[in-house]
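Could you put the whole structure together from the sequences, leaning on the hints where they help?
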Amino acid sequence: LCRGGLAERLCRLQNRERSAISFWRHQCISDDRIPSDKSGVLVVKILEIFEECTIQVAICQQLEQSPATLSPEDAVISAEEPILKVLFTRETAAHLRSRPQDVIHIYPPWQKLLLQNADVPVIMNTYFSQKVLLSEHSEAREKTYGLTKMLIRKNIISLAQTFRLDDLDDKLQQESSDNQVPCAPQTHNSSDSKQHPLALSAVNDSLLEMVESQGAVGWREVQVRVTIQRVYCLPAREGYRSHTQGNKPLCARPVTNSDPPNVRLCLLVQDAYGMFSEVQLQFLSSTDDIEQYCRRWEGKSCCLAGMKILQRTTRGRALGLFSLIDSLWPPVVPVKVPGQSQDSEMMTTNLPPPSFCYVLTVQSGEIHVEVDEEEQISNLYQPPAVHDLKEILLIDGCNKRCSFWAQVLYRRLQTKHSVPIDQREMLLFVTDSTLQDVAHGIPKVVAVSVTASCVLSMEIIEALSAGSQLVFFKDALWGNGRIICVERTVLLLQKPLLCSAAGADLSELTGPVRLDELDSTTQASSVCALRGTVVGVNESTAFSWPTCSRCGNGKLELCPQDRELLYCNQCSEVVTTPVLKMQLEVFLSCPSRPQSTVKVKVRHEVSIALFVLLTLLLFLQTYEVQSVLGKEVGLLNCYVHSVTSHPNCVALEEIVLL
Amino acid sequence: STLPAVAEELLREIRKAFQETSHVPDDLLLGLKFIFGPSAVPALDLVDQRSVTRLRSPSGRTLYQVLGSSGKLYTCYSSCHFCTCPAFVFSVLQKSESLLCKHILAVYLSQAMGACQELAVSEEQLTNILLAEEEHEG
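First to last, the sequence lines map onto chains A and B.
Numbers in this note's numbering are just positions in the first sequence, counted from 1, shifted up by 94.
Numbers in this note's numbering are just positions in the second sequence, counted from 1, shifted up by 68.
Keep in mind that the hints were calculated from the coordinates and are not lab data.
No residue lacks a Cβ here, since even glycine has one placed at the ideal position from N, Cα and C.
Careful: at least some of the hints might be erroneous.
As the list claims (entries may be wrong) - Straight-line Cα separation of at most 16 Å, EDC-like style, residue types lysine to aspartate or glutamate; simulated pairs:
| hint | chain 1 | residue 1 | chain 2 | residue 2 |
| --- | --- | --- | --- | --- |
| 1 | A | Lys206 | B | Glu76 |
| 2 | A | Lys206 | B | Glu77 |
| 3 | A | Lys693 | A | Glu581 |
| 4 | A | Lys206 | B | Asp95 |
| 5 | A | Lys179 | B | Glu88 |
| 6 | B | Lys163 | A | Glu146 |
| 7 | B | Lys163 | A | Glu145 |
What the hints assert, rightly or not - A few chain B residues that don't get close to chain A, going by computed Cβ distances all over 12 Å:
| hint | residue |
| --- | --- |
| 8 | Ser69 |
| 9 | Pro72 |
| 10 | Leu78 |
| 11 | Arg83 |
| 12 | His91 |
| 13 | Gly99 |
| 14 | Ser146 |
| 15 | Pro154 |
| 16 | Val160 |
| 17 | Leu177 |
To be verified - Which stretches of chain B does chain A cover? Using the computed rule of at least three CB atoms under 8 Å from a CB of chain A, they are:
| hint | region |
| --- | --- |
| 18 | 122-129 |
| 19 | 164-173 |
Below is the structure:
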């Protein structure tokens, strides 16, 4: 044996164990009583015994206390007592000579193993076991049993039952003769793994039937015809990938969903009975265009076959999914009623909204979804109902899905640096003509929160960083006065082919965008416009820095060759005319909110009017606060950082609208 | 049947423990002894000696070869429990006394601890190895 190897170690452990066992056995015999140390002792009553290889498997009931007070005859198996599977080696079993109804004490050290798909825990290393004889009667019985040999059933294990050590895929199901129809997702029999194209049976129209036939003979050939109501992407639960590309700062690059893929394409389908199911398809990479799939597939019919059930979920556990299902309820055409024959005329639209939904997935390696792209749109399809923002703000209720067009004016990324960039939440400030053209009463701009679970395509992300965009928000969630984009919300740049537009077809806004003016109702994390007079300057927060005129890099370095010049290591060139950026906090007095101290963080490039002056002053080092005080500042667009009442202060930051 | 699930779970725990700590705790080793009996120590010895090789052909077919203590090379299949050693024939097939022989157990343990040697072979080579076994038997 290798010195220091695992085999040598096990040898030593085993020798130690063996001497402990023989010592213990010896002690039991000589003492002729149960050892008094009760801690850690497992007390079990044997219900059934069988053998597998040389291991004896005993199905037992764990007893709470020492059964000195109970007699085996009248102990009834109660439902609360936990069931265990206790394994004994051949040698221990021979020593115990157990029979059903025997009570065994198992002394530590024993081991408990919990199996993945089973409820019953397994007890191993049961060397220190002793049978407890409770009464005269049983002692006598014990002696007679010693003469007759009990026949114990032996299970023969199939060679086809191999072990799967990695967690990623499902375990191979065993080929045991007692096959039950599983209700939890299980993979197919190993005999089915020969993949030849199966002759698919006639097309069914019931998802429920397909789901219920899982596990039965021929279930993989069952095809179901459904309508695709929605196409969207879900973030894969297996994890996310963070991206740092070399030394480049994260904010300079658009967020990507590049390899390995971490986004799944999903369909929300509905069958002829009105039942919904979410089908999870393949993983997408960043080059795949979700918009294409939406346009080609939504509203069309497709055939599903050989689906695997991932989950049966209910309204209480999947609020997001059911808010989407509710937006598609009731169905636009009458649906079939189960229980009637296929040709029956019994159809209805008067059904309660669904309370459960199956989540299906494809068997790995096989695509069982065939979409009839050429065919017409199905009657059952309900395109997203488009509203304008004014209508949406007036919607009553919570967790309602809504779709709308809006112009994105400003984007604010969540600034938690601990979170990787593709997991960050965003706040988008949007508007449309219905909000802009109204005198007062409704806000001019609405904040839309985009959570990390809402998958954005690369196209959208790039578009949002580039400039003001008209974006279609499909199936966003409205509730508690906020619009949020969550899982199953899709942001698109182009209009979907079919939309029932309740309002006018929104195009360009007439005139420049206006923000609500700062007033007493202004809240944090919003945008507003303000005007006022400079009453003070926070000199301690003022600083300026040079940036590269080509790429905007704020971290310029001194040139190694000529320390008078600046060097940009992103462009790998000398910067001859750097752009000076400045940041400063000024205190304003605003007539629209006279009681508050208004503190605005401004930047040089943003506000030319005020800062050409300040720049010159600071740059020339002849800065005097006096010369700036009293200057009028006209309509700045700002983002509100915080609003406090004691002290009465509003902290803002000047922004540029897209 | 219970034993295969127990054996599998034990091997998974070994794999997990090894991945997390590069070490197999004593209780898992004793568990191996409990379940696999006399095969446990010889199997671990085969792992210590890095005796297990996984052969892979371009089509993705795999096969294991284990260098036995006597110097003989035994072949173990990937898709079911099978080994060309006499102990397998006797203990597993004939008497159903063991789940595995020490070579198959060594294959699993090597998988769990990343101790498999990897060898890429051509389709023809893989086929020859399989056929050679048949000839040897026949």
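Of the numbered hints stated earlier in the document, which are not met by this structure?
Hints 3, 5, 8, 9, 10, 11, 12, 13, 14, 16, 17 and 18 contradicted; others consistent.
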